[in-house]
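The whole structure should be built from the sequences, with the hints applied where relevant.
So the protein sequences, as listed, match chains A and B.
Read left to right, the first sequence gives residues 3 to 427 (our numbering).
Read left to right, the second sequence gives residues 361 to 604 (our numbering).
In short, the hints are calculated from the structure, not lab data.
What you are looking at is a predicted structure, and each value in this text was computed from that prediction instead of being measured.
By construction, the Cβ of each residue, glycine as well, lies at the ideal position given by its N, Cα and C atoms.
Fair warning: there could be bad hints in the mix.
Examples of chain B residues toward chain A, derived with CB under 10 Å [claimed, not checked]:
1) R365
2) L374
3) N492
4) Q508
These are the residues of each chain, in order.
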Amino acid sequence: MNLEFLDVVLFSIYFLLLFLSIFWLLVLFTKEEQKGKEGKEKENPGTPFFSAIVPAYNEENSIELALQSLVGLEYPSEKMEIIVVNDGSTDRTPEIIKQFVHKHPSHKIILLNQKNQGKAAAMNHGLRYAQGELFACLDADSAVSSNALQAMLPLFEDDGNVAAVCPLIKVKRPQKVLEKVQWYEYIINMFHRFLNAKLDCLHVTPGPFSIYRTQIIRNIGGFDEHTITEDLEIAVRLQKHHYQILHTFDAVVETVAPATWKALFRQRVRWYKGATDNTIQYKELLFNRKYGDFGVLRMPTVILSGILAIVLAGTLLYELGRAAMEKLAYYYSINFDFLTLLRNFSPEINILTWPFAKLFIALTLAGISFFIMIYSHRIIKERITNHGRTFFSLVSYLLIYGFFLTAVWLYIGFMYVSGRKNFWA
Amino acid sequence: MVIERTISTRKYLLAFILTLLIFSGGIMIGIVFENARLSSAEQITLQEKVSLRSLQLQQNYIESGITDCKTLNTILENNINELGKKVGVIIEYEKKALFNPEEFNLQLQDYFLTEIQFYFLAKEINTKCPLNNVKILYFYDENKDDTQGDILAYLKKRFGGKLLIFSLNSQFPQEPMIGTLLTYYNITQYPAMAIEEKVYQGHRTTEQLLEDICSEFIDMGADIPEGCREIPSSVFISGNGLNR
Numbered sequence: 003m004n005l006e007f008l009d010v011v012l013f014s015i016y017f018l019l020l021f022l023s024i025f026w027l028l029v030l031f032t033k034e035e036q037k038g039k040e041g042k043e044k045e046n047p048g049t050p051f052f053s054a055i056v057p058a059y060n061e062e063n064s065i066e067l068a069l070q071s072l073v074g075l076e077y078p079s080e081k082m083e084i085i086v087v088n089d090g091s092t093d094r095t096p097e098i099i100k101q102f103v104h105k106h107p108s109h110k111i112i113l114l115n116q117k118n119q120g121k122a123a124a125m126n127h128g129l130r131y132a133q134g135e136l137f138a139c140l141d142a143d144s145a146v147s148s149n150a151l152q153a154m155l156p157l158f159e160d161d162g163n164v165a166a167v168c169p170l171i172k173v174k175r176p177q178k179v180l181e182k183v184q185w186y187e188y189i190i191n192m193f194h195r196f197l198n199a200k201l202d203c204l205h206v207t208p209g210p211f212s213i214y215r216t217q218i219i220r221n222i223g224g225f226d227e228h229t230i231t232e233d234l235e236i237a238v239r240l241q242k243h244h245y246q247i248l249h250t251f252d253a254v255v256e257t258v259a260p261a262t263w264k265a266l267f268r269q270r271v272r273w274y275k276g277a278t279d280n281t282i283q284y285k286e287l288l289f290n291r292k293y294g295d296f297g298v299l300r301m302p303t304v305i306l307s308g309i310l311a312i313v314l315a316g317t318l319l320y321e322l323g324r325a326a327m328e329k330l331a332y333y334y335s336i337n338f339d340f341l342t343l344l345r346n347f348s349p350e351i352n353i354l355t356w357p358f359a360k361l362f363i364a365l366t367l368a369g370i371s372f373f374i375m376i377y378s379h380r381i382i383k384e385r386i387t388n389h390g391r392t393f394f395s396l397v398s399y400l401l402i403y404g405f406f407l408t409a410v411w412l413y414i415g416f417m418y419v420s421g422r423k424n425f426w427a
Numbered sequence: 361m362v363i364e365r366t367i368s369t370r371k372y373l374l375a376f377i378l379t380l381l382i383f384s385g386g387i388m389i390g391i392v393f394e395n396a397r398l399s400s401a402e403q404i405t406l407q408e409k410v411s412l413r414s415l416q417l418q419q420n421y422i423e424s425g426i427t428d429c430k431t432l433n434t435i436l437e438n439n440i441n442e443l444g445k446k447v448g449v450i451i452e453y454e455k456k457a458l459f460n461p462e463e464f465n466l467q468l469q470d471y472f473l474t475e476i477q478f479y480f481l482a483k484e485i486n487t488k489c490p491l492n493n494v495k496i497l498y499f500y501d502e503n504k505d506d507t508q509g510d511i512l513a514y515l516k517k518r519f520g521g522k523l524l525i526f527s528l529n530s531q532f533p534q535e536p537m538i539g540t541l542l543t544y545y546n547i548t549q550y551p552a553m554a555i556e557e558k559v560y561q562g563h564r565t566t567e568q569l570l571e572d573i574c575s576e577f578i579d580m581g582a583d584i585p586e587g588c589r590e591i592p593s594s595v596f597i598s599g600n601g602l603n604r
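What follows is the structure in C-alpha cells.
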C-alpha cells in the first residue's frame, strides 16, 4: 500500500472526528436522553433569596447596562441582592455604581471594594457577603434577559444535587464581521453544551450569569484564585464532587464579543490554555470510569482537540511548505519564465486521479458540520440570517474559523513547549 | 446524594461501527475508482501499442514511397508527445495504488517497454529520414524530487514536437531492459540523460540543457527552433554558431 505520512495523519484525524460527530448525533437523537432536564416540567420554584455578584474591573462603559438588566429581572426585589465587587478599577466604574445605587433605592445593592486581585478573588469576596440560597455571577460586559430567574431557578427544585444552572449565551448586537462569526460560534457552542448536558458532561459554567447553589460552592472552597479560567475550574471541581450542572435555553444572556482579531486571539488562548491547565490539574479524572462519560469522553476531548489541531496544522503546514518550496525551486530553475508556461498551458483534468475515498469521508464530515450548524439554530430558535448574516458568512465561518482556532492551539502548544508565561498574567 | 454516573457504552459502540461503515464506504469508493484507473491505464497502454505498431508499419514503407518522411516525422512527434503526457498519468496512477499495486506496476512496466520501443523506432526512422528532432532518454530516480523532470517538461513546452523525451524510472528493477540501457550508457548517477548519444549524469540546469539541446540541433543541421533563438547569447559558448 502506498500510504504517505499525510494520508495516515488525515485518515486518523478523519476517523476520530467522524467518530465524535456520530457519537454526538446519537446523543442528540436518542429519545431516552431527551427527557429530563430540558423537557422538565416547570414547577413553581418559589422565591428563594438570590444574590447576584458582579465583579467589575474598569467597566465604565458596560457596568450600568449589566446592573440595569439585573434590576430588570422579573423577581421580587426584596428576595434578591446585587453585590458589585469593584476589583480596583482605575476608571469611573465605582462612581457609576454609586450613582446607580442611589437611583435604585428599592433594590439591595452592595458595593464592595478591593485591590485588583482578579475575577476569582472578586467572586469570593462577594460570596462571603452573599445571603442568597442561590447566587449568580454576571460579567460586567453582559446583560441578562428579564425572565432568566423564572427559567433557571426551577431547575434547582427537587434535586439538591444540582449545583449550577447555565443560560443560553449570545453575542450582543453583532455588527462587525468578526462579531457575526462569533455569533455562529456561540450558537454551535451552546448546541454542544446542550448535548453535553444530556450526558452530565458540562465542563464550564460560563461567567455570564451561571447560577450556583451557594452552600455547595462554599463547601468545595469557593472559586480558585490561581487559575486563569475560574468558570472552567469550578465546573470541573463540581464534576469531580459528582454534582450536577444543568443548562437551559429559556434564559438568555447577551455578552460583548471581542471586536478585533487580536483581542479574540488573546481571549481564546486564555480559554483553551485554561481548559488545558484544568485538565492537567484534574488529570485523575481523565479516562476514569468512576466519572462516567465526563471522565472517559469530556475530559480527554479538551486536550485531544488541541492535539488534533496541532498535529493537523503541523502536517499540513509541512506539506504545504514543502510543495511551495518545490514550486519555488522549479520556477527559479526555469528563470521564472512564466510566459512560456502560459503560452503552452493546457489544463489536463483527470477525474480518476482525485482522492475519492478521502473526499467521501471529508464530505461526510462537512455534511455533519453543516447539519449541526442548521440544527443548532433550529434548537435555539434563531434564524441563520439574523443580524445581517448570510449563508456566505456561514460557509466562511465553517472554512476560515477552523484555521484561526488552529492558530490558537499552535500558540498554546508553543507556550507549553517554550515555558512562556501567560501574557494576561 | 451524588449523580449516577454512566458510560454510554452502546453509543460509543454504535458510533464506532457507523464510523467504520462510513470508512468502508470511502474504501469501497476508493476500490471502484482504483479499478477505473487500472482500466484507464490498460486502455492508455493499448493505445500506445497500437500507435507503435502503426508507426512501425509505416516506416517499413518509406523506401517504397508509400509513406514519406515528413508525414512520418509528424506522426512520430505526435505519438511521442502523447506518450510523454500519458507516462505522467500512469506514474500517478501507480503512486496512488492502494489495493492493486502489482497490477499498476505491470502496467507501468508495459508502458516503459513501449517507450523504449518508441525510442528505438525513432532512432530507426532517423536513419532513413533527415533528422529534425532531438531525442532525450531521461532516467529519473523515483526516490528523489523530480526537479530535473520539471525542467524537461518546461523545455518540452518550449520546443514542442522538436524535442522527444522518453522518461524511464531508473529504480525499476522489474524491467531488465532499463538496466540494460543504464549499463549500455554506463550510467551510475541519477538523474541522467542521454541526449541523442551524449550522456549527462547528475542534475543539469535549464541553461545547460538548452545549450545541450540547441547544440544538437546545430550539429544535425536542422532548422534552429524558436526555443533556441530566444536564449540569451551569454548562455552559449562562443563559436557554436548560435551567437548570431
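The hints, checked one at a time:
| no. | hint | in the structure |
| --- | --- | --- |
| 1 | R365 | 3 Å, holds |
| 2 | L374 | 6 Å, holds |
| 3 | N492 | 20 Å, violated |
| 4 | Q508 | 9 Å, holds |
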